[in-house]
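A.B. asks: Given next are the chains, with one letter for each unit.
2 protein chains.
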Amino acid sequence: MSGTLLVVKIGGNVIDNPEACSRFLRAFAQLPSPKILVHGGGKVATQVAAKLQIETQMVDGRRITDRPMLNVVTMVYGGLVNKNLVAQLQAQQCNAIGLTGADGGIIRSVKRPVKEIDYGFVGDIEAVNTAQVEALLQSGLVPIIAPLTYSTEGVLLNTNADTMASAMAVGMAERYEVNLVYCFEKKGVLSDPDDDNAVISSLNPDSYASYKAEGIINKGMIPKLDNAFKALREKVSRVTICHADDLAAATSGSAGTILSL
Amino acid sequence: MSGTLLVVKIGGNVIDNPEACSRFLRAFAQLPSPKILVHGGGKVATQVAAKLQIETQMVDGRRITDRPMLNVVTMVYGGLVNKNLVAQLQAQQCNAIGLTGADGGIIRSVKRPVKEIDYGFVGDIEAVNTAQVEALLQSGLVPIIAPLTYSTEGVLLNTNADTMASAMAVGMAERYEVNLVYCFEKKGVLSDPDDDNAVISSLNPDSYASYKAEGIINKGMIPKLDNAFKALREKVSRVTICHADDLAAATSGSAGTILSL
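Residue numbers (the numbering used here), protein chains in the order written: chain A, 85 to 345; chain B, 85 to 345.
One should not assume that every hint holds.
Simulated coverage check for chain A against chain B, where a stretch passes if three residues somewhere in it have a Cβ under 8 Å from a Cβ of chain B [what the hints assert, rightly or not]:
| no. | region |
| --- | --- |
| 1 | 158-165 |
| 2 | 171-178 |
| 3 | 181-189 |
| 4 | 225-235 |
The hints are simulated quantities; they were obtained by calculation from the structure and are not laboratory data. Ideal Cβ placement from N, Cα and C applies to all residues, glycine included.
With the rest of the complex left out, here is chain A:
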């Protein structure tokens, strides 16, 4: 084991707000390395697609990615969002390097098979090149990862950012004690959707099942939590869900919702 690695996911709602994003990046820059940031950017992609008169179609919160939409997400996730995050972090002495799954071959996927729905150019992750990621971390770099992967045929594939963060955390758990933190615009998993302070401070599979049965944990949160519990079962040491403003506190276990098995 090479010590502790922090893997942080930052959501599109935070990235979309320049002040919130800037506060988050200042906090992220100050955390000890090694660390990895995985970002979303779906809202910006939808805006750019609209300006290009490309219609956004979502099924269960997932983007249908035909060829024109693949070009949009490649431009927005891999270019506009990723490179602006990198430039801002570099200005804060954080040696950021922006990557998609294709760069250094770090995350390879397969195009999702067509069943009831044809998601188009969407990737299901097959492999994380953990040796390559560790080499980058050991040379002092901070990977900033956009939600795009690639197939062995050389095609880019749109990939869910939450899933990329958990796949990266699980892969790197072979080599590090991994602390995975999902940051978004709420203070954690809430027991009352109308009360932003009603944070459930800890969740295990049993309490998660109860909250789901009672309908307290709702639809949008379920894939995120399923991903998170799966990461814990696959040897990630800690998973926290917290507000982007609470990143520093969450990394030390004093904010957000902490998941355990």
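Please build the complex by placing chain B on the supplied structure of chain A, with the hints as guidance.
C.D. replies: Just chain B now, kept in the frame of chain A:
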């Protein structure tokens, strides 16, 4: 010295043509490492800008880059073009990693001062982080560099790809014997613009001055050649200008126009 490093620049006209680009990438993938590719993409940026109803303004072949245009070039150079090149190279077992100057802080610049013309968010290169680039090369990665740099304030800046290639070649000449190859859609510098086979096989500062005086070497070629001769004066070992289809031959000195002092 760590041996020989190949730095290749590929122009926008080749990138714009899928078959020509694919032939070029196959040849590039097969060349021995260490190697670096610097790419353009201005034609694609102009097309995307037009679709977004953003007007492209050029002065002496240089793009005026206001904030909306900076977003376009960040999307197109850093995302669409760069990541597709990387994915295609990865499919050919070339361990490509796509970078802007901001990534790993490899090429820092300053926003060009406003004189007669306000070029906007355009960068004049200040420093190449040659230690970082060497570390990437030594770990077996092949940097694919988009024509964007960044300032110490964390702002991305549009930067001429020919200039980036020569700055990278000059910087790395501290550490390697550098072979710089500019690939484009002609077989080299031509003595007759209407005869694609009239390649000037070698040029030195005296013959270059004569061709310029006679008007044989024309306006578009002059900044490229000025850059190239400057690179030779600053310790780059060899500079060649050739057709993208002749990359392999040009690296061994048997195609294109070879420049010498």
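A.B. asks: Which hints, by number, does the structure contradict?
C.D. replies: Violated hints: none; all satisfied.
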